[in-house]
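Going down the list, the sequences are from chains X and G.
For reference, each letter of the first sequence is one residue, going 1 to 300 in the numbering used here.
For reference, each letter of the second sequence is one residue, going 1 to 161 in the numbering used here.
Be aware that one or more of the hints could be misleading.
For lysine to any residue, the following SDA-like pairs were computed, each having C-alpha atoms within a straight-line distance of at most 25 Å [stated by the list, open to error]:
hint : chain 1 : residue 1 : chain 2 : residue 2
1    : X       : Lys249    : G       : Ala12
2    : G       : Lys150    : X       : Gly116
3    : X       : Lys161    : G       : Ala12
4    : G       : Lys10     : X       : Arg163
5    : G       : Lys150    : X       : Arg105
6    : X       : Lys164    : G       : Arg71
7    : X       : Lys161    : G       : Ser28
8    : X       : Lys184    : X       : Ala297
9    : G       : Lys137    : X       : Glu275
10   : X       : Lys54     : G       : Asp45
11   : G       : Lys7      : G       : Asp56
12   : G       : Lys122    : X       : Gln284
13   : G       : Lys137    : X       : Glu69
Since the hints were derived computationally from the structure, they do not count as laboratory data.
What you are looking at is a predicted structure, and each value in this text was computed from that prediction instead of being measured.
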Amino acid sequence: MKKLSLFLGCIVPNRYPGIEKATKLCLQKLNIDAADLPGASCCPAPGIFKSFDKATWLALASRNIVLSEKLERDILTVCNGCYGSLADANLELKKDPELKACTNRCLKEIGMEFKGTVEVRHIIEYLYKEFGPEKLKEHVTIPLDLKVALHYGCHLIKPSKDRKLGETEAPVFFDELVEATGAKSVDYTDKMMCCGAGGGVRSGHAAESLEMLENKLACIRQAGVDCIVNACPFCHLQFDRGQLAVNEKFGTDYSIPVLHYTQLLGLALGVTPYELGIEQNAVQNIEFLAKIYEINAGLR
Amino acid sequence: MSEKLSKVLKAAGLDLLSCMQCGACTGSCPSGRHTGLNTRRILRDARKNRASVLSDDALWLCTTCYTCQERCPRDIPITDALLELRRLAVKEGFMLPEHRRISEMVEECGHAVPLDEETKQKREELGLDPIPETVQKYPEALQEVRSLLKACKFDELTAEK
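Next up, chain X with everything else stripped away, as it sits in the complex (with noise of 0.2 Å):
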């Protein structure tokens, strides 16, 4: 196994610095060496590079893995965007010679070549596999009485013959890193259903993107939770400044706080709210802060 660089996109460095935070200090704590991948740019955003032109998006995406050979590192992702992007694109150049040929042409032109030596990893599967729920648990220092809808999202578990994560109907690995964290995660209605942002849709379909969050948001509301947890910052976004404008466009009045898996894991591993940046939010959800200040300071 080698050693990984942090590969942040778009999102995470642009509008949630906050779960760059969580996951630098996450990394940190957990004693896992992951360096900076300076000038890496947009993985590129696969709803619109992939669906515009392949040789594009090879381009694109096989300079920032090869950033990463360079330091001969594994790319580590926190985004199911960014690693559906990475990871096809990998997939298919180390597979393909002639694909890596005509991409390898492209690269020639700023001094660039892709080999094929390095993995891409997305932070849930590696802690996953290389930690795994029992391993984790025991860096836990405070248990989070939480009670949590998770959202897996579409790309970290789809397509299911290249991710090679298990089942994709009913999952349970993140589940079981959720629960590593003492929160306990609520089985809900349409739970593996799609946030409604990728392939394009929040920025080419608004309102249609809105009316697939709208019917998440009724189905974890009904589940009575504390609060939602992610794995990528577009669904992220999409639950935390969609839920907004769901509330203006519907009328309802939702204000369920939104966690990366990251901030969840940096709670209980006695982060404060505030360094993980989860008041950073577009919802400002006053008990859920309260609630998760007490827990970090031993209240409850």
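Start from chain X and add chain G according to the hints.
Chain G alone, transformed into the frame defined by chain X:
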């Protein structure tokens, strides 16, 4: 183009001929519940080489969640086929202005979602460098991204026609 639709798909390893029109794709589609996306119909039209499938806005209502592909009893890579159809549509000039704008954004700053002042402030509050360690910090890295886009003639593809 239309005559060749199914041929192009087949060349990309996406054979739709085994589709038996069962509708598991449409029935599973989270978008189709709320929108006009009817995946089964798109597959049928593509197989029949109907050019209208490329100009159909429904093609862009797919969130690429892959549920249809996972559930297809014939193991047709449906989402992959849909992405191939999108690429053909783009070649024909069908592109939403919002998507064009995002592609221009990557050319401008290397990111689909660019850094803004509000986030810079949030980064500082967290003790992070206001400018992240990405292409935004390194002009030579941005130049590399631009060179690749040019080498792929992406600017020509996304130029307003």
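A quick look at each hint next to the structure:
1. X:Lys249 <-> G:Ala12: violated (41 Å)
2. G:Lys150 <-> X:Gly116: holds (24 Å)
3. X:Lys161 <-> G:Ala12: holds (17 Å)
4. G:Lys10 <-> X:Arg163: holds (24 Å)
5. G:Lys150 <-> X:Arg105: Distance of about 13 Å is within 25 Å: holds.
6. X:Lys164 <-> G:Arg71: With Cα atoms ~16 Å apart, Lys164 (chain X) and Arg71 (chain G) stay inside 25 Å; holds.
7. X:Lys161 <-> G:Ser28: holds (19 Å)
8. X:Lys184 <-> X:Ala297: holds (20 Å)
9. G:Lys137 <-> X:Glu275: Holds, at roughly 24 Å.
10. X:Lys54 <-> G:Asp45: holds (23 Å)
11. G:Lys7 <-> G:Asp56: Holds, because 19 Å separates the two Cα atoms, which is no more than 25 Å.
12. G:Lys122 <-> X:Gln284: holds (15 Å)
13. G:Lys137 <-> X:Glu69: Satisfied, since the Cα-Cα distance of roughly 20 Å is no more than 25 Å.
The structure does not agree with numbered hint 1 stated previously, though it agrees with all others.
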